[in-house]
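Turn these sequences into a full structure, and let the hints guide you.
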Amino acid sequence: MEFTPERALVITPHPDDAEVWAGGVISKWVRAGAEVRCVLCTDGSKGTQDPEMQPSELTKIRSREQLEAAEILGITDVVMLGRPDGELEDTADFRKDLVRQIRLFQPDVVLTSEPYRRNMRWHRDHRIAGQVALDAVFPYARDHLHFGDLFANEGIEPHKTAAIMFWGSESPNAFFDIADSFDTKLKAVLAHRTQTGQRTEEEMRAFLRARATDEADAGNSSDDDDVTGLTLAEAFRRVTFRT
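Note that the working numbering has the sequence shown beginning at 51, numbered continuously upward.
The set of hints was computed from the structure by calculation and includes no laboratory data. Be aware that one or more of the hints could be misleading.
To be verified - Here are the computed lysine to aspartate or glutamate pairs in the EDC-like style, where the Cα-Cα straight-line distance is at most 20 Å:
| no. | residue 1 | residue 2 |
| --- | --- | --- |
| 1 | 210 | 233 |
| 2 | 210 | 199 |
| 3 | 110 | 143 |
| 4 | 237 | 127 |
| 5 | 110 | 121 |
| 6 | 237 | 158 |
| 7 | 110 | 100 |
| 8 | 146 | 100 |
| 9 | 237 | 220 |
| 10 | 146 | 193 |
| 11 | 210 | 158 |
| 12 | 110 | 127 |
| 13 | 210 | 85 |
As the list claims (entries may be wrong) - So the derived label-pair ranges between C-beta atoms look like this:
| no. | residue 1 | residue 2 | range |
| --- | --- | --- | --- |
| 14 | 53 | 264 | 20 to 28 Å |
| 15 | 273 | 230 | 20 to 28 Å |
| 16 | 270 | 291 | 25 to 33 Å |
| 17 | 56 | 104 | 25 to 33 Å |
| 18 | 255 | 82 | 20 to 28 Å |
| 19 | 107 | 127 | 21 to 29 Å |
| 20 | 274 | 106 | 43 to 51 Å |
| 21 | 261 | 52 | 18 to 26 Å |
| 22 | 274 | 101 | 42 to 50 Å |
| 23 | 247 | 106 | 35 to 43 Å |
Virtual Cβ for every residue (Gly too), placed ideally from N, Cα, C.
This is the structure:
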């Protein structure tokens, strides 16, 4: 699929999720002139097997890793909501946080985690982040009477987002060639050293390449006649909205 938005908002549950699942397309879009902002929902404070690591220290480390990875991909800004890792909930407060970011940035497309997976395990934060992001895009960010205080008190206008794209979907319908951006994706993933430290660079390359090959094969065998000849790809479930 050949599509480059003017502005894309990435809503990611944890540090490293966006890079692993969508780093290739983010880099591709930035190179083509898109402006990309990232909203990091949690502080990443639980993502370790190190018994000596304290949550407060891990939060600091993973925040630095996220900023480094974002710079590699060309993301212009990272907004850290700082919600506790593993404790995302579908609340009005969380939804309002995302609505605020959508209205402020006014993206053409939102990238986030698939909330509906039936046959594969999926972190609860991933499910919640995707669901709340979907609701924030439509109808909450669109309709001015939802969280009306954002305009009344902060002057933030409603915004209609054209599409949302979910990574990690069991039923993808949008496939992006990342052959030219794969190495940048790999470099961004490797910036998350707390998450990749047990694997060598070549092991991570093989892992990510295998997934990108599988997603390319899925695209080549899809019903979309415009998708042909993919070797490395990222796949998404794309949902569009009337604007």
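Hint check results:
With a C-alpha separation of about 33 Å, the suggested pair residue 210 and residue 233 falls outside the 20 Å cut-off, and the hint is violated. At roughly 18 Å between alpha-carbon atoms, residue 210 and residue 199 fall within 20 Å of each other, so this suggested pair holds. Only pairs whose Cα atoms come within 20 Å are accepted, and residue 110 paired with residue 143 is rejected, the gap being roughly 24 Å. Distance check on the hinted pair: residue 237 and residue 127 sit about 18 Å apart at the alpha-carbon level, within 20 Å; holds.
For the given pair, residue 110 sits about 17 Å from residue 121 by alpha-carbon distance, which is consistent with the 20 Å threshold. With a CA separation close to 26 Å, the supplied pair residue 237 and residue 158 exceeds the 20 Å bound. For the suggested pair residue 110 and residue 100, the alpha carbons sit about 15 Å apart, so the restraint of at most 20 Å is met. A C-alpha spacing of about 34 Å is found between residue 146 and residue 100, which places the hinted pair above 20 Å, so the restraint is violated.
Distance restraint check for residue 237 and residue 220: the Cα-Cα separation of roughly 26 Å exceeds the 20 Å cut-off, and the hinted pair is therefore not satisfied. Using a Cα cut-off of 20 Å, the hinted pair residue 146 and residue 193 holds, with the two alpha carbons roughly 13 Å apart. Restraint check: the Cα-Cα separation between residue 210 and residue 158 comes to about 8 Å, which is no more than 20 Å; the hinted pair holds. Straight-line distance between C-alpha atoms of residue 110 and residue 127 comes to about 17 Å, which keeps the hinted pair within the 20 Å bound.
For a cut-off of 20 Å, the pair hint linking residue 210 to residue 85 stands: about 17 Å separates their Cα positions. Between residue 53 and residue 264 the CB atoms are about 21 Å apart, so this pair conforms to the stated range of 20 to 28 Å. At roughly 25 Å, the beta-carbon separation of residue 273 and residue 230 lies within the given 20 to 28 Å, and the hint holds. Here the CB-CB span from residue 270 to residue 291 is close to 28 Å, well matched to the stated 25 to 33 Å.
In this structure the supplied range 25 to 33 Å is violated for residue 56 paired with residue 104, their Cβ-Cβ distance being about 41 Å. Hint check: residue 255 to residue 82, Cβ distance near 24 Å, so the stated range 20 to 28 Å holds. The given range of 21 to 29 Å is respected by residue 107 and residue 127, whose C-beta atoms sit roughly 25 Å from each other. For residue 274 and residue 106, the hinted distance range of 43 to 51 Å is satisfied, since their beta carbons lie about 47 Å from each other.
Take residue 261 and residue 52: their Cβ atoms lie about 21 Å apart, and the range 18 to 26 Å holds. A hinted range of 42 to 50 Å holds for the C-beta pair residue 274 and residue 101, which are about 48 Å apart. Judged by the Cβ atoms, the range 35 to 43 Å given for residue 247 and residue 106 is violated: they are separated by roughly 19 Å.
Taken one by one, the earlier hints fail for this structure at numbers 1, 3, 6, 8, 9, 17, 23, listed in ascending order.
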